[in-house]
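Whenever a hint applies, use it, and build me the whole structure from the sequences.
Residue-level listing of the chains:
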Amino acid sequence: MLGLNKADTRLYVIILIMLIFAPFILNPFPDGSSLAQFNAGYPDMMQKLVIFGIFAVGFNILFGLTGYLSFGHAAFLGVGSYAGVWMMKLLTMNVIPALILSVLAAGALSLIIGFVSLRRSGIYFSILTLAFAQMCYSLAYSVLTPITGGETGLQLSLDDPRVIGTSQTASGNIPVPHFFGIEMGQGITIDVGAWSFVFNFGYYFAATVFALAMFLAIRLFRSPFGLMLRAVKSNQSRMSYTGLSSRPYALAAFVISGMYAGLAGGLMVAMDPLAGAERMLWTASGEVVLMTILGGAGTLIGPVLGAGVIVYLESIISTINEAVLHGWFSGLPAWLDSVFVTIIKPFVGEGWHLLLGAVFMLVVIFLPGGIVEGGQRLGRLFRRDGARGRKNGAPKNGAPKNGTDSAEQPGE
Amino acid sequence: MGILEVTGVNKKFGGLQALGDVNLDVAEGSCHAIIGPNGAGKSTLLNCLVGKLMPDSGSVTFQGKNLLGLKPHEINQLGISRVFQTPEIFGDLSVMENMLIPCFARRDGSFRLHAFETVAREKSLNDEAEQMLAEVNMLEKRNMQASSLSRGDKRRLEMAMCLVQKPKLLLLDEPTAGMARADTNNTIELLKDIKDRLHITMAIIEHDMHVVFSLADRITVLAQGTPLVEDVPERIKGHPKVREAYLGEAQV
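Heads up: the protein sequence lines correspond to chains B and U, in order. Each residue of the first sequence is one higher than the last, beginning at 752 in the working numbering. Each residue of the second sequence is one higher than the last, beginning at 50 in the working numbering.
Note that these hints are calculated values from the structure, not bench results. Note that this is a predicted model, so its numbers are computed, not measured. A virtual CB, placed ideally from N, CA and C, is assigned to each residue, including glycine. Hints should not be assumed to be uniformly reliable.
Below, computed lysine to aspartate or glutamate pairings styled on EDC-like, alpha-carbon distance capped at 16 Å [said to hold, decoys possible]: (1) Lys290(U) - Glu279(U); (2) Lys984(B) - Asp242(U); (3) Lys286(U) - Asp257(U); (4) Lys217(U) - Glu54(U); (5) Lys984(B) - Asp141(U); (6) Lys215(U) - Asp245(U).
Quick list of the computed label-pair ranges, beta carbon to beta carbon [stated by the list, open to error]: (7) Lys172(U) - Ser1069(B): 27 to 35 Å; (8) Ser199(U) - Arg1134(B): 27 to 35 Å; (9) Ser1069(B) - Thr135(U): 50 to 58 Å; (10) Leu188(U) - Ser784(B): 54 to 62 Å; (11) Leu963(B) - Asp266(U): 53 to 61 Å; (12) Lys172(U) - Leu767(B): 23 to 31 Å.
One side of the interface only, derived from the structure: several residues of chain B facing chain U at Cβ under 7 Å [what the hints assert, rightly or not]: (13) Ser974; (14) Ser985; (15) Arg989; (16) Tyr992; (17) Arg1134.
Next comes the structure, spelled out in structure tokens:
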């Protein structure tokens, strides 16, 4: 389908189905039950999931394929957000021009930062990108306050000189972002028994952009360009003696991944037109690194899974407080209740970072290939059991184990 | 006039004269061997040819074009491929991918943003890569990860990667070092075949005299960075200077 091979098409179709039915899939628990707080099927959360998915998929094009570890990708996210809000302030509340400018602005910035940073490799490259991103953050807070809004952030106001459209709505409110008239906040709620499923236009718009971004990423992974990026990671010396110039390849990957970050930033303000400098902080850059490694760097679906896990933990686990914990264990004797609460409490609520740290540690130690590797191991386990069952105990261990699956191996 | 001309090349590392006034003239279609004891400057000379090192003085021209100052990838794009002493391959990638990279480099040049093509759909390049793999008897290993190959296989893969580019000049730095006897003989046959069939000019550094005398049309003997003598193999064998400097130990 559309130039994808069989395995990739299957993967992509699964992704599409998950995206379309996300409001159901992420809302497994009935409203009002004690487990309802684990539901993630509300618009804010779903938008965040796909937006960070785009961010991570783009980051993976650089880090997963070329091995260059950027610690400054939040700068592109932030610039994308600012550019998006400015487009809405000046031109139109339609999100398409905003997204286009977000991508272009992030692309331009990443071209500059990448050009300088790629003169070094390894840890020096990482430090350079980190330094650039922190500079962008500081600039946004200080010199560039007229453009960025400084500490308050950049937001829409009632007197924006919008060329297409109006500064205020008839009722005197700030207009909301829309896609050719369909507002991002629009949606329908379907109540089925104890469940209520929200179908939000903003989410479906972001999901469509995600689907496009994912499609382009799959094509890139399977292209000669993607092959060259993996060559950059593997052996730059052999590359140059094979007639290939590794620098432009690395720079192109850097700019493409910067544009993905800008797209994610633009989508954030398309959902909620407010951009703040904290989006560019180094912790935000670190987060996308965690997402990619947690899910599986260099794999197609890994970064998306990693982004999902982190966004979910951040949003859901951080809302669990002591009272909620006591609620869970209320059936137990009081002393047991307090033991459980004491053990679990540091890992939830404010302490969700602790849980993330523990999960990250376990994954990196036991599954260096991330969540994807975990899935592959499970898959192999089942397949082997299945084969053994059919072939009456004939072992199939002689086959060369090269640790790749359909998500990594082109040409399959 | 040779396809590759090296004139008066000097290279110093600190106080050490690695290359002193080296002249070399490789005729088109021939196989030119460079031999000499360890530390004679053979690899340094090769490094000067591919842009890894810049000589202090002298000139290097390939088909009349000056090579000095060009980057390694530019020199390769002119048609010079090099096999290294320790195999340089893409260890993380599969054998087939290793083969496809030079194919794309030859077709698309040193950089192209071909992000919307699909590797698996480039039928002719895939065929070419497979054919070359078959020639070095590695087709059944096409899906193996390159870093898991044996040392001899890595060498053969690297050679196949260079050959699939159809270079005009192939530089070989001890292509059979560390190979088993049978593999060495296969390599000799392969190189002979390439020379006869594809008319690729070769410059080869080699310690194994069996390989040198099976392949070379001309031999240059280097000692302490200076060419001692250059002649056809028959006369090199009996040359007193050469015996003294190098072959005395080998008793050819």
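Consistency of the hints with the structure:
{"no.": "1", "hint": "Lys290(U) - Glu279(U)", "result": "11 Å, holds"}
{"no.": "2", "hint": "Lys984(B) - Asp242(U)", "result": "34 Å, violated"}
{"no.": "3", "hint": "Lys286(U) - Asp257(U)", "result": "14 Å, holds"}
{"no.": "4", "hint": "Lys217(U) - Glu54(U)", "result": "14 Å, holds"}
{"no.": "5", "hint": "Lys984(B) - Asp141(U)", "result": "8 Å, holds"}
{"no.": "6", "hint": "Lys215(U) - Asp245(U)", "result": "14 Å, holds"}
{"no.": "7", "hint": "Lys172(U) - Ser1069(B): 27 to 35 Å", "result": "53 Å, violated"}
{"no.": "8", "hint": "Ser199(U) - Arg1134(B): 27 to 35 Å", "result": "29 Å, holds"}
{"no.": "9", "hint": "Ser1069(B) - Thr135(U): 50 to 58 Å", "result": "52 Å, holds"}
{"no.": "10", "hint": "Leu188(U) - Ser784(B): 54 to 62 Å", "result": "60 Å, holds"}
{"no.": "11", "hint": "Leu963(B) - Asp266(U): 53 to 61 Å", "result": "59 Å, holds"}
{"no.": "12", "hint": "Lys172(U) - Leu767(B): 23 to 31 Å", "result": "29 Å, holds"}
{"no.": "13", "hint": "Ser974", "result": "5 Å, holds"}
{"no.": "14", "hint": "Ser985", "result": "4 Å, holds"}
{"no.": "15", "hint": "Arg989", "result": "4 Å, holds"}
{"no.": "16", "hint": "Tyr992", "result": "5 Å, holds"}
{"no.": "17", "hint": "Arg1134", "result": "18 Å, violated"}
Going down the numbered hints, you'll see the structure goes against 2, 7 and 17, while the others check out.
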